[in-house]
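Chemist: Each protein sequence line maps, in turn, to chains A, B, C and D. Residue numbers for the first sequence follow my numbering, so the first one is 1 and each next one is one higher. Residue numbers for the second sequence follow my numbering, so the first one is 1001 and each next one is one higher. Residue numbers for the third sequence follow my numbering, so the first one is 2001 and each next one is one higher. Residue numbers for the fourth sequence follow my numbering, so the first one is 3001 and each next one is one higher.
Hints listed in this document are in silico derivations from the structure and should not be mistaken for laboratory results. Accuracy of the hints is not assured; some may be wrong.
The calculated SDA-like cross-link candidates involving lysine to any residue, where the alpha carbons are at most 25 Å apart (straight line), are [unchecked claim]:
1. LYS2117/C x TRP3216/D
2. LYS2031/C x HIS2523/C
3. LYS2241/C x ALA98/A
Derived contacts from chain D toward chain C, CB cut-off under 7 Å, selection only [stated by the list, open to error]:
4. LEU3037
5. THR3039
6. MET3042
7. LEU3113
8. GLU3168
9. ALA3170
10. SER3194
Beta-carbon label-pair distances, calculated as ranges [as the list claims (entries may be wrong)]:
11. LEU36/A x GLU2068/C: 58 to 66 Å
12. PRO198/A x HIS3174/D: 58 to 66 Å
13. ALA2288/C x GLY172/A: 54 to 62 Å
14. HIS2523/C x LEU1068/B: 26 to 34 Å
15. VAL82/A x GLU2424/C: 22 to 30 Å
16. GLU2424/C x LEU1068/B: 38 to 46 Å
17. TYR2495/C x VAL39/A: 52 to 60 Å
Just so it is clear, CB atoms sit at the ideal spot from N, CA and C, and this is done for glycine as well.
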Amino acid sequence: MKLNFPIFPDQASSMAWHVDALYLFLVLLTTFFSVLIAVLILYFAIKYRRRPGHVAQQIHGSTLLEIVWTVIPLGISMVIFVWGAALYYHMERPPSNALEIYGVGKQWMWKFQHPGGQREINTLHVPTGRDVKVTLISQDVIHSFFVPAFRVKQDVLPNRYVFTWFRPTVPGTYHLFCSQYCGTKHSGMVGSVIVMTPEDYANWLASGKAEGSLASLGEKAFQQYGCTTCHRPDSGARGPNLEGLYGRPVRLTDNRVVLADDNYIRESILEPNAKVVSGFQSIMPTFRGVVSEDEIMAITEYIKHLAPQESNPLNNRTTPTQIRDSEVPNIQQQNKEQNEQQQQQSPQGTRPANPSGKKP
Amino acid sequence: MSDHSHSHPTPGLYLVIFIALVIGTVATWGIAFVDLGVWNPVIALAIAVTKATLVVLFFMHIYYSSKLTKITISAGIFWLMIMITMSLSDYLTRTFLPQ
Amino acid sequence: MSTATTTPVPVMPARHFLNDNYGIRSWLLTKDHKRIAILYLLSITVFFFIGGIFAALIRLHLLTPNGELFSADTYNRLFTMHGVNMIFFFLIPSVPAVIGNFVLPIMVGTKDLAFPKINLLSWYLYIGGATFSVLAMVSGGVDTGWTFYAPLSSGYLRGHVILMAVGILIVGFSSIFTGLNFIVTVHRMRAPGMTWGRLPLFVWSNYAASLIMVLGTPVIAITLTLLALERGFHIGIFDPKLGGDPVLFQHMFWFYSHPAVYIMILPGMGVISEIVPCFSRKRIFGYAFVAFSSIAIAVFGFVVWAHHMFVAGISVYSALVFSLLSYAVAIPSAVKVFNWTATMYKGSVQMDTPMLYAMAFIGLFTIGGLTGLFLAALGLDIHIHDTYFVVAHFHYVMVGGMVTAYMGGLHFWWPKMTGRMYPEVPAKLAALITFIGFNLTFFPQFILGYMGMPRRYWAYPPEFQVLNVLSTAGASILSVGFILPLFYFLWSLKYGEIAGNNPWKATGLEWETTSPPPTHNFHEIPIVTKDPYAYGEEEEEVPVVH
Amino acid sequence: MSTSQTTTTEHHPALAHQFDSMEQQQDASTFGMWVFLLTEIMMFGGLFTAYLIYRIKYYPAFVAGSTSISVSWGFANTLVLIGSSFTMAMAVWSAQTSRRRLQIWCLIGTMILGTVFLGIKGKEYYDKYDECHIPGLGHQIIGKPFNTTGGCSATNKDLGNISKEIRERAQNDHEEVSEESANQTADQTQIFFSFYFAMTGLHAFHMIIGLGLLTWLLIRATRGHFDSQYYTPMELGGLYWHFVDIVWIFLFPLLYLISRHKGGI
């Protein structure tokens, strides 16, 4: 049997090297102190071993030494803290122009949607040399998206979007693990991340038969659920205009200001009364149990793509306090017309790139 | 060990404390119906803290107790504050706008 | 204390706590802290071996990458019950409830703990909790992981979560009452002359651990109650489907469970602080620093819990604060290690079994502690969180640290508890086997973890197999090291040498009374006039034994 | 046991063997009780922390839920409990001053007030049951089991009139709240009710234990066990009872008085 015995993980992202540097620094530090302590203990044990004629020399302590071995470890640990924190801060802020991929974790599989509409199960194709941001959500319990070769990990929570990002550097196939224990087949919730050169990636995208881009799927859903009835750009609309909304601060009826990010949009679809935009009535029905996670992601992607109109004054406003004035439409009393007859959409047929994808 | 002179409170003092507690309760109840904005819960809790302090100091004899007992209670409150503030430190900063 | 270079052959005292009265009632209704300690010793040993069997099965299963021995369901139950048993039913009560219960009241010079009935009650609570836990185990087990993360545990898995939660709740109160008893005893029951500055460091560290038991345990109690309510009645506190927040469960869980790590390690550190000076014939280096570092660990230990949640979706700012504070708790641990090492300097070191364990502890705890720095470093933790790196780290602290200290303490005080010596040769052998087996088991797991092998995996990619085989091989050696003491300890009860009052020529009040001690510990309550660890003051030539 | 005037130097019958003096025993016991109360603070503290986080997250629902419970009963109960604390303090004082008859009557008074408190609590619980406000079973309503007229059904989006009340209150404030929105808020009041029942339930559980302790103290008091030489159990029982009172002092504004001025009784 040929021994396959690696002791260091692949480095396949721009962050990998940085994380490894801190790791190796700490390995050296640990080795140094462990060996120091071990050698001292053994040396003392032998040098000062009990033997006839040898008497222990009583020493009470030394404040100077105590200060030294308090301050030095403190100094070292502050270096580690700052180093680790700097890495973390970098890893927690996705670049703005990243390629955005949506991922859903469920017992026990991963589903991914590319902006072009391609879907895959338990595999994720990404190009080298490009920042990739993965927006993640779970349909059931807590999972964790872990790609050792990229040194990224993010717990995937139900009911809330979380993000992680990386810039793949080396083409190849790498492990994708679920690292948060999620039930019986936790260890089966694995897949692979396939890093391709940009050309290969473009070919792969082209070969996948997408039903249309994710945003266009979102637009379809947006119309299908009747969102356009209220969310219109004109001044008489009963719902806020969504053009150019994404990524901007929004003032709410209780004067709080929140950022219109993925989580805000998701919450507004499922719990519309939680954060009502200032100047609007809370009349929107909840879509909980009506739209699927996939559809919410598509709708979010669609809203992101709703570019602000040049004429829209919203675009010129920067401070959150001013938004209200521009967005307040006349409130019209209208009968609510709901689309409750919208049947729950069954998730579209997925196109597993990996045929081994297990049934949920 | 500790001073055990036992200058215990008298029924008269207990009665005064009791009346103060009743007044505090009525005040909490009354103020709740006046719109003071964000101050409503603040005042309600301030009254509650005052009432609790009275109970601890006199009904529970802390006013007359050793320093050790006083430290014990302070420790309890301190740890409770650790739990509340450090948990909230996550919840309240989660939605901070990233740069 | 009188010392003679030619010690007369020691004899057993005529009356002591073991032969004061007989019969099952005299044990089950005893209020003597020493007998309660023995009761605890027996019960936690049972749970140690149950937990150990689970561990052995886990390691056996992981010999092959494809999960061939057990089904995934069984495997998940194995590691859950291994964790629950070892943490709640072995590690937390180990040093405090067994060794602490036995020697702490004698060390401070009192006839018993402040509340003997509550002490007995706490043992019954332990047994009550254990009963629920065993009930959960035999009726099919629990497969949530010992962390019980919601919503997995509250709404998805089929195991007997509620039974187990009730068991942990009850055993939690057992630990609260032990802590309460220790705190009151240390404050109010010290012998005349036993000032705070004269307390043995074992008392200091148990006092610090007791603070955590009293302040932390109720939070896990209420958390698990809410979890059980959510599971039973679907109230929505943690399950997002019902409007709850699963991250809140993690906050509340780790608010206790991180400090609980210090409940487990602090008393172990106390044991080491007793053994090292005794076998070096030297005062502890920097008494005050070692004592206060225990308190510092207990206090700082409460403000670092969210370092278990860096990737769980907490706020970036909060993560930075918790990471910074995590380093604060590392410093007092480092101070202790340096002080122990310095204590050996220019000593007169004799490597008897307790000292072997103590030296192993210092080395292994150093590695365990330093690898904690990896996990507290935010950017690095993202990669190694929830991998075998974490598994290796906490086993280095819990097994390499706490279990080693527990074994060392058991050997150290065994003559005091039973009046007889254990046999030195097999004991040294066991210590050596444990050390080798332990390192072989857990060192490969650091590498596995950095390679990216997630924990709690029933099957794993084949390239991880070599390291897993090494680990399993180590576990088989380790198990020998743990089973061996069982035999020679039992053997020594009958055939061991008579120990005499103070076989180690150690300082401390517990060595001034007979071995085993009389029921009320002292024939006359001692008056303390000396500092602790006053080695080298009177005896000059300690005979070289063995 | 006698109530004879033993001095502390002699061996009092209630002195346990591990203590040197009655003074040490009382000191240690009182301190032990306080350490136990520390654990109680942390236990309730866990609930208070969770409560606070959800109160921020679901504020409108907490307002709606709070408004649906009867502030009058809560107010009355607060007074009852404060009264019981007063009688308990008097009981301890009369034990300290060897007033045997008074301590018995004070204990009985405390027990009556404690029982009244639990009775009112029970009535409030029944009202919640009657109004279909008991949370649980997957956010369906448990409550009146039979789907007769007025029964609680799983598909009732109004959640026992909470939704309707929200809209009525809004109307009084000249605000517009759609039925949809009110239903969503009503649904979220389940979280409030989860906390309401968990917190008051844990508190009531402590009250029941307290009544048990009081019964035991009463029996010992009638046998004349307590006097100025030895009243530690009385003192400890008092500490426990006052602690339970303090918890209620916080529960009352936190559960009953969220945004009361917005209307409601």
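Chemist: List in ascending order the numbers of the hints, as given earlier, that are violated by the structure.
Modeler: 3, 4, 7, 8, 9, 11, 15, 17
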